[in-house]
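Enquirer: Modelling step: build the complete structure from the supplied sequences, incorporating the hints.
Chains C and S supply the protein sequences, listed in that same order. For the first sequence, counting from 1, position 1 maps to 1 in UniProt numbering; every step adds exactly one. For the second sequence, counting from 1, position 16 maps to 16 in UniProt numbering; every step adds exactly one.
There's no promise every hint is true.
Short, incomplete list of chain S residues facing chain C, as computed with Cβ under 8 Å [unchecked claim]:
| no. | residue |
| --- | --- |
| 1 | Arg4 |
| 2 | Ala47 |
| 3 | Gln70 |
| 4 | Gly76 |
Simulated crosslink set (BS3-like; lysine-lysine; CA at most 30 Å straight-line) [what the hints assert, rightly or not]:
| no. | chain 1 | residue 1 | chain 2 | residue 2 |
| --- | --- | --- | --- | --- |
| 5 | C | Lys52 | C | Lys122 |
| 6 | C | Lys122 | S | Lys122 |
| 7 | C | Lys71 | C | Lys122 |
| 8 | C | Lys108 | C | Lys52 |
| 9 | S | Lys71 | S | Lys52 |
| 10 | C | Lys71 | C | Lys108 |
| 11 | C | Lys52 | S | Lys71 |
| 12 | S | Lys108 | S | Lys52 |
| 13 | C | Lys52 | S | Lys52 |
| 14 | C | Lys52 | S | Lys114 |
| 15 | S | Lys52 | S | Lys122 |
| 16 | C | Lys122 | C | Lys108 |
| 17 | S | Lys122 | C | Lys52 |
| 18 | C | Lys71 | S | Lys71 |
| 19 | S | Lys52 | C | Lys71 |
| 20 | S | Lys122 | C | Lys71 |
| 21 | S | Lys71 | C | Lys122 |
| 22 | C | Lys52 | C | Lys71 |
| 23 | S | Lys122 | S | Lys108 |
| 24 | S | Lys108 | C | Lys52 |
| 25 | S | Lys108 | C | Lys114 |
| 26 | S | Lys71 | S | Lys108 |
| 27 | C | Lys122 | S | Lys52 |
| 28 | C | Lys114 | C | Lys52 |
| 29 | S | Lys52 | S | Lys114 |
| 30 | S | Lys52 | C | Lys108 |
| 31 | S | Lys122 | S | Lys71 |
Pulled from the structure, derived: some chain C residues nowhere near chain S, Cβ distances all over 12 Å [unchecked claim]:
| no. | residue |
| --- | --- |
| 32 | Asn6 |
| 33 | Ala25 |
| 34 | Gly31 |
| 35 | Glu36 |
| 36 | Asp62 |
| 37 | Ser63 |
| 38 | Gly67 |
| 39 | Asn72 |
| 40 | Leu102 |
No wet-lab data here; the hints were simulated from the structure. The C-beta atom is built at its ideal place from N, Cα and C for all residues, glycine as well.
Protein chains: 2
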Amino acid sequence: MIGRLNHVAIAVPDLEAACAQYRDALGAAVGAPQAEPGHGVTVVFIALPNTKIELLHPLGPDSPIAGFLQKNPAGGIHHVCYEVEDILAARDRLVSAGARVLGSGEPKTGAHGKPVLFLHPKDFNGCLVELEEV
Amino acid sequence: MIGRLNHVAIAVPDLEAACAQYRDALGAAVGAPQAEPGHGVTVVFIALPNTKIELLHPLGPDSPIAGFLQKNPAGGIHHVCYEVEDILAARDRLVSAGARVLGSGEPKTGAHGKPVLFLHPKDFNGCLVELEEV
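Expert: Here is the structure:
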């Protein structure tokens with residue numbers, strides 16, 4: 001069911017420093033910061049030959065990653081995103097298998113403008129999983 | 001400098017349950033467990049179309065992931081692995097940029113039989129980074 005790994009998201013306390021590090025020390029192709037006020041984050045995509053790293057930094061007072069950075073002040077790997085062809089079919093299969101979908105259970109529009117869902121990390125080995133329909 | 005994302009490693013407390021979940025609920029291609037006593041882990045590779053997920057479970061008394069699972073009993077994303085063409089050149093560039101290499105600073109042979117190094121997570125936004133020469 002799951003397809004490509006769309007991205008790995010890393011929450012960072014200092015977006016400028018993280019961008020400089022990936023660009024200068026790791027020599028990667030770092031994109032421009034994109035404010036996503038609807039999602040409470042500023043994102044920077046780092047293009048690797050086969051997938052992307054998504055740097056996440058809180059934006060606004062109700063950022064969904066503020067709590068993560070309080071618990072992990074240095075930052076940390078926040079989630080992985082797997083691509084699926086049909087997000088509603090994927091959701092129904094996962095719910096049947098006992099997994100919990102975060103929020104209302106209905107897909108939202110993600111940072112790429114595609115429908116996304118998040119699965120409860122307690123159901124996936126402590127790993128927050130995003131599904132994105134492509 | 002960094003190339004492909006070789007894998008994302010997820011430490012899991014129950015390897016059999018994690019394999020069943022990725023195979024049955026997420027519908028992924030889950031490999032057979034491989035004991036790696038030299039690394040203190042049992043690994044299972046999950047093949048995605050563009051990269052791999054590496055499930056890690058402690059093996060033996062001195063497993064390098066035992067402490068991680070003590071802090072994160074449900075499991076969690078443990079590290080990301082980026083491919084590099086020349087691991088010594090990569091190391092020297094990173095050390096010049098102020099990053100710390102874990103252990104002796106010399107590459108070891110990783111689970112794929114290739115030279116690997118780990119970078120200090122405090123230097124990379126709380127994210128443990130493995131470099132693998134390919």
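Enquirer: Please verify whether S:Lys108 and C:Lys52 have alpha carbons no more than 30 Å apart.
Expert: Satisfied, since the Cα-Cα distance of roughly 27 Å is no more than 30 Å.
Enquirer: Quick one, are S:Lys52 and C:Lys71 close enough, alpha carbons at most 30 Å?
Expert: Holds. S:Lys52 to C:Lys71 sits at ~28 Å (cutoff 30 Å).
Enquirer: For a C-alpha distance cap of 30 Å, please report whether S:Lys71 and S:Lys52 respect it.
Expert: holds, 25 Å
Enquirer: Below or equal to 30 Å on CA atoms is what counts here, so check C:Lys122 against S:Lys52.
Expert: Given pair C:Lys122, S:Lys52 holds - Cα atoms ~21 Å apart, limit 30 Å.
Enquirer: Under the criterion that the straight-line Cα-Cα distance not exceed 30 Å, is the pair C:Lys122, C:Lys108 satisfied?
Expert: Roughly 21 Å between the alpha carbons, so the hint for C:Lys122 and C:Lys108 holds.
Enquirer: For the pair supplied as a hint, C:Lys71 and C:Lys122, confirm whether the alpha-carbon distance does not exceed 30 Å.
Expert: holds, 17 Å
Enquirer: Using 8 Å as the Cβ threshold, decide whether S:Gln70 counts as touching chain C.
Expert: violated, 13 Å
Enquirer: With a cut-off of 30 Å on the C-alpha distance, tell me whether S:Lys52 and S:Lys122 pass.
Expert: holds, 25 Å
Enquirer: Does the alpha-carbon distance linking S:Lys122 and S:Lys108 stay inside the 30 Å limit?
Expert: Holds, at roughly 21 Å.
Enquirer: Does the structure keep S:Lys52 and S:Lys114 at a Cα separation of 30 Å or less?
Expert: holds, 16 Å
Enquirer: Taking only the CA atoms, is the gap from S:Lys108 to C:Lys114 under or equal to 30 Å?
Expert: Violated, because 41 Å separates the two Cα atoms, which is more than 30 Å.
Enquirer: Keeping to a limit of 30 Å between CA atoms, is the pair of C:Lys52 and C:Lys71 held or broken?
Expert: Measuring from Cα to Cα gives roughly 25 Å; hence the hint holds.
Consistency note: the structure conflicts with the earlier hints numbered 2, 3, 25, 32, 33, 39.
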